[in-house]
Structures are given as C-alpha cells and as structure tokens.
Amino acid sequence: MRVADLPTAALRRQLRLDGPGLRLAMPPFTACIRSDLPLLADSIASMYADFSLAEEPAFCDFHVEIRRVRGLLRGFRSQAEFSTDGERGFVPLPVAQGFAMLEWGLNWCVAAHAHQYLLIHAAVLERDGRALLLPAPPGSGKSTLCAALLHRGWRLLSDELALLDMDSGRIRGMARPVNLKNESIEIIRRFETGAQLTAAVPNTAKGSVALMRPPGAAVLSAHEPARPTWIVLPRYRAGAEAVFTAAGKASTFMAVAEQSFNYDIHGARGFQALGRLVDRCRTLSFEYSRLDEAVEHFARLADAPPLRGR
Amino acid sequence: MMDRPLLVRVLQEPALGALLGPPQWDLLLRQARRARLLPRLALALDPQVAPAQVRPHLDSARLLAERQREAVVRELDHIRRALSPCPAPLVLLKGAAYLMAGLGTARGRMFSDIDILVPHAHLGAVETALMVRGWAYGDIDAYDSRYYRRWMHELPPLTHTRRGSTLDVHHTILPPTARLQIDTSALFERLVPLPPPTATPDLAPLFTLSPPDMVLHAATHLFHEGEFDTGLRDLFDLDSLLREFGAGDASFWPQLLARAERIGLQRPLHHALRYTHELLGTPMPASALAALAAMPGATPPMQRLLDACFRRALRPRHPSCEVPGTSAALAALYLRSHWLRMPPLMLARHLGRKQLKRWFGHPAT
Numbered sequence: 001m002r003v004a005d006l007p008t009a010a011l012r013r014q015l016r017l018d019g020p021g022l023r024l025a026m027p028p029f030t031a032c033i034r035s036d037l038p039l040l041a042d043s044i045a046s047m048y049a050d051f052s053l054a055e056e057p058a059f060c061d062f063h064v065e066i067r068r069v070r071g072l073l074r075g076f077r078s079q080a081e082f083s084t085d086g087e088r089g090f091v092p093l094p095v096a097q098g099f100a101m102l103e104w105g106l107n108w109c110v111a112a113h114a115h116q117y118l119l120i121h122a123a124v125l126e127r128d129g130r131a132l133l134l135p136a137p138p139g140s141g142k143s144t145l146c147a148a149l150l151h152r153g154w155r156l157l158s159d160e161l162a163l164l165d166m167d168s169g170r171i172r173g174m175a176r177p178v179n180l181k182n183e184s185i186e187i188i189r190r191f192e193t194g195a196q197l198t199a200a201v202p203n204t205a206k207g208s209v210a211l212m213r214p215p216g217a218a219v220l221s222a223h224e225p226a227r228p229t230w231i232v233l234p235r236y237r238a239g240a241e242a243v244f245t246a247a248g249k250a251s252t253f254m255a256v257a258e259q260s261f262n263y264d265i266h267g268a269r270g271f272q273a274l275g276r277l278v279d280r281c282r283t284l285s286f287e288y289s290r291l292d293e294a295v296e297h298f299a300r301l302a303d304a305p306p307l308r309g310r
Numbered sequence: 001m002m003d004r005p006l007l008v009r010v011l012q013e014p015a016l017g018a019l020l021g022p023p024q025w026d027l028l029l030r031q032a033r034r035a036r037l038l039p040r041l042a043l044a045l046d047p048q049v050a051p052a053q054v055r056p057h058l059d060s061a062r063l064l065a066e067r068q069r070e071a072v073v074r075e076l077d078h079i080r081r082a083l084s085p086c087p088a089p090l091v092l093l094k095g096a097a098y099l100m101a102g103l104g105t106a107r108g109r110m111f112s113d114i115d116i117l118v119p120h121a122h123l124g125a126v127e128t129a130l131m132v133r134g135w136a137y138g139d140i141d142a143y144d145s146r147y148y149r150r151w152m153h154e155l156p157p158l159t160h161t162r163r164g165s166t167l168d169v170h171h172t173i174l175p176p177t178a179r180l181q182i183d184t185s186a187l188f189e190r191l192v193p194l195p196p197p198t199a200t201p202d203l204a205p206l207f208t209l210s211p212p213d214m215v216l217h218a219a220t221h222l223f224h225e226g227e228f229d230t231g232l233r234d235l236f237d238l239d240s241l242l243r244e245f246g247a248g249d250a251s252f253w254p255q256l257l258a259r260a261e262r263i264g265l266q267r268p269l270h271h272a273l274r275y276t277h278e279l280l281g282t283p284m285p286a287s288a289l290a291a292l293a294a295m296p297g298a299t300p301p302m303q304r305l306l307d308a309c310f311r312r313a314l315r316p317r318h319p320s321c322e323v324p325g326t327s328a329a330l331a332a333l334y335l336r337s338h339w340l341r342m343p344p345l346m347l348a349r350h351l352g353r354k355q356l357k358r359w360f361g362h363p364a365t
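As you go down the protein sequences, you meet chains H and B in turn. Using our numbering, you'd call the opening residue of the first sequence number 1 and step up by one each time. Using our numbering, you'd call the opening residue of the second sequence number 1 and step up by one each time.
If you're looking for bench data, these hints aren't it; they were derived computationally from the structure. Model, not experiment: these values are computed from the prediction. Do not rely on the hints blindly, as some may be mistaken.
[Said to hold, decoys possible] A short, non-exhaustive set of chain H residues, derived as facing chain B with CB atoms under 7 Å: (1) P57; (2) F59; (3) C60; (4) H63; (5) D85; (6) G86; (7) E87; (8) H113; (9) H115; (10) Q116; (11) I265.
The C-beta atom is built at its ideal place from N, Cα and C for all residues, glycine as well.
Could you put the whole structure together from the sequences, leaning on the hints where they help?
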C-alpha cells in the first residue's frame, strides 16, 4: 500500500502520538513516524505520496516524533520538537517548520546510526545504472543542480545522503523529498513548472526552505543501487559559463572524505572503500550559473563513451 | 511489582534473543538505544539470532563502541602528556578506569567524557597544565563558574579546543556542601597503579581507585545523581563490577563494607546493593546482605518512598518503560539530589535561578 492510497483520516490516525505510527518504507530503511501536528499529515501526504507503507508487524529502523512543545510559557509560541526513541534532539522550532524538521531528523537518524554504510553528504543521481555523485558543502548549488537533473532524465537517489555499500561498492539513496533553499525555490519553480513543492517556510536556520516531491518512478526504484561512475564537485558562480574541469584523484578523495559523516568511524576500511570509489569514478569539478546549460553538459557527460583502461 | 523491561530481561539472558519476533526486536533496540546500552546488548547477543534487518544496528553499535574505546585510549595519552609536569597522582574514574583496568564493565560501554580525580591541593597546577595544552572552559556564565568552584566536587567541564573531547576534573566524589560528609583523603590511600603503556612509558602514570572504592564511587555517583538518563546503564556497571570483583577475590566483600565505613559511604552502598540485587539479581554473599540490613538506613516509610522512586528511575528512559508515577519519581529524585547536595537556603536560591533561566534565557548574574 502506498501513502497516496491511504485516506487522509487513516493517515492522521496512524500518525497520532498514541497510534501505531506511520511506517514509511524508504529503502533500505523503514521509519516509523508519529506527530500531533495537523500540518505534518498534509505535507507527508503530498511529499511522500508514492512511498510504500511497511506491512505490520514490521521492524522499523528509526522511530521519530514531531510533537508540539507543551510548557508554561510555550503555549502561545507554538513550537514543535523532534525526538527519536523517546529522546529529544535539536532545539524546538516553530510549528510551521515541522516537516522540514522531520526531514532533518530522519537525515540525522541515518547519519548517526547507519554505519553499515559509508555515509557521504552528497546528492546522487543515476542514469543507465551509473551513479553521479555531487558531494559539496552547503551553498555550492548541489541541491538545485540535483533538483534540475532529476527532471531531465536522471533518477534521484538522494539530494543529501549517499549510502556507499563498502562490500559491493554500490551506492543507495532513499529517493526522499529534495530540500531547496532560498533563491533555489523560485529557480526550480520556473525551471520545471510541473515540480510539486511545499510552501516555502521562511526564517529557518538554513534560510527559507521548501521541499520538492520526488518523481514517482524514482521512488519506485529506490531499492535499486547504482554503480558509482562520476564524482563532480559543483560550484555555482553568478554569470559563469558551464564548464567541467578534470579534478585530481587525491584532492577529490579529500573533498569526499571531508563530506563523509562516518569516515572516521570506519578507520582503515573506510579509507580503502573511499579510495576504491574515487579510483573507479571520473572525477571532475563543475562551475555553472544557468541550469539549462548545466543540464545539457550533464547529458553530454552521460552520453560520452566511458574512459578506457578500467 | 513492576514487570522487568524487555531490555533488562535480554541483557540478563541473551539466549532469549532467539525467541523474539520483529516487534520485540524493534522494541528492544529502541529501549537499548535510549538507555545507552545498545553496544552492550550487541556484544551480549549471538549475532546469528538477530534478523537481517536488526543486524546492521548491532554491528554499527559495536563498531561505534570500538572506535570510542580507541579514542579514549588516545585521549588519555594526551592527558598524561599534558599533566607530566604535575606531581599529582592522576586517578581515572568511571568509564576510563574500567577500560584501562581491563574490566568487563568496559565492554561496549559508551563514553561522553573522561573523568579524572586529583588531590585538591594540586587542582590549580592541573588546571593550568591542561589549559596550556589546549583545554578550555566552554560557554558557561559567571554564576555557573562560581557555583562549580565554590560548591562542587569538580571543575566546570573542560573541552579541548582542537579535538573537542571533554574532560571532567574531580577533586573528590561528593560536593563539599553535601549532607553526607566523607573523608576524601581516604580515597587516595589505596590507589592502584596501572601498568604504563609500552608506547608511552615516560608520561604521567595513571591510577585507578581500588576495586572496593571503585564500587563505592559508582554507587555514590548513581544514588546522589539527579538525572537518571543513564541510570540503568550505571546500575548495570555496578552489577558487573560486583560480579567481577566478587568472583575474583574472596576478601572483596568484607573489604567493600570496611571501606564504605572508612570513607563514610554506607548509605550509597546500601542503595547500590539493594537495587542491583532486586532489579538485576546481582549475587552477593549472605554476610553482605545481613550487613546491608543492619546498616543505618532510612525509616521504613522513607525506604518505601525511595523504593518507589528508584524502581521507576532505574528503568530505561524509553516511553514503553514508563509506569504510573515515573515523572513524579524522576522529579522527586531530582529534588532529592539537590537536597543531598546543599543546605536548604542555598538550594532554594539555586533552583530558583535555574528555573528563571529556563523561562527567560540568561538573566544577569
């Protein structure tokens, strides 16, 4: 059963704090979500419409709650807080940021616990079974680029979290909603009029934030891993012509290691896995300012014959 | 009588793992994670019995605990290097002590910081030496700083500016203002030197408390504490210390009782034995139990109240383990910890200020 098949009343019932929880499959994980924020049910219904629900009785990897904060002076401030396994995390945020907080909270759960993977802060897209990694610090235009590419022939794996299986060398994502910030929101609305976005929530820690619904086809294939093929370090620069530049293996290794959440935890095994990843990929830097032009460059990259020798 | 939480049952009898279905595994993992006992659970269970979905969580927890262990060993080298110029004996407490003494309690135990004990006379020199090597006080206000220095048994937490590691420097194990007056000098009487690591033999030597004193400190820490976030974890620490020391040395139990009397820690030891025995079935000789019954304890109504509170507080903090009265018990123990820590007027001022801070942010100090 998919979220879209669930009547609104049933969705709300499952989400209730005293209910069974909404057991959302986001391969390779299952998350159980509870909340007393009415707004959250609406956002989940639209953003996670294509996701499957786990059948009971299921084991859930993460149990998260977004609940209204109660307290003497909190009553009229209308804040909500995130908790997992009954433990509060983050500072309470305004109720309007509830859905964004759920997304950040789920990312946190994966980053803090899923050490069966080497976790890399990167967008991942796929074409013909080949994965494109866009690791980059916030503000580099990674999410914007990812949101544009997934509307132009690339399958979304993730806009934030790449899960590298260190044994198979393949990458997974969860195909969850894409986080867009500030100017990107309008840019993507104009770029793809069919894109379905939440209302922008202003004044979050990351500025103005909106989430974009992932394409149904990407959600259906979320359990399929992809073979890492390109690592591209993107950089948005106002007015720049789109251009790829070859990036050195060593500097790319360092850039990816810096964007890994648990590289240190894996020790030598993480070092070797990261080395193999960088070795097998074409490593590039990419500077751009116009999305249309950027998308064409990536289409040509995908169509170029593979490098020989590996 | 309250039921034993699933986590406690499985930790005591890991073979039960083979009988669990997916919903029980789900609950077990959540309770263990919340109680900071997941690595310990992962090490206790036979990896083959866990379903495929559960195994990665157990593997992750083991991996994390192993990395933490390495990090603590490395950090101790830094601390020893920093304190080499100080003549003070450097005594490890709690997790770091269990780890370096090679005790079973350390297996799968998570760390949030490192705790050391130095004699009060050396406190200034130790503080200076640490600051020279990069440790600094975090963002604490003048009130808290004054509070720690005048009334507490430790310095405010020190954080290393580059490595981000946290260090608590204690000079005794109970606040000087505490109702229970202890003989701190007695703590330093029976230190046990740790063999110097072969890689760094020249750095400051490390000590731990003697086995009975280690138990007494763990007991004092748990039963004077106001927050029971890791209460069950600390109770399991006591359980495995008592099992390991008790099994290894016949003189351990008489020594434990004698040391409790010498330092003045009979009350916390009484609680430790009472609740490890009751809640975790910790084996103890009849003589210790008899001595326990004869110890100067609380009046029967007060003991019943303490039982009601501790039986609730020493469950995992997960919502599935809450029983009626849990939040009242936690609130009562929070007040009790402060009541034990300082005289009434000081307590009223301190709690009043904390509540104001909670409501209005940071009032002027």
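Do the hints match the structure? See the list:
1. P57: 4 Å, holds
2. F59: 4 Å, holds
3. C60: C60/H check passes; min Cβ-Cβ to chain B is 6 Å, inside 7 Å.
4. H63: 6 Å, holds
5. D85: 5 Å, holds
6. G86: The hint holds - G86/H has a Cβ within 7 Å of chain B, the shortest such distance being about 5 Å.
7. E87: It holds, given that the least Cβ distance between E87/H and chain B is near 6 Å, below 7 Å.
8. H113: This hint holds: H113/H lies near chain B, its Cβ roughly 6 Å from the closest one there, short of 7 Å.
9. H115: Holds, about 4 Å.
10. Q116: 4 Å, holds
11. I265: 5 Å, holds
Consistency note: the structure conflicts with none of the earlier hints.
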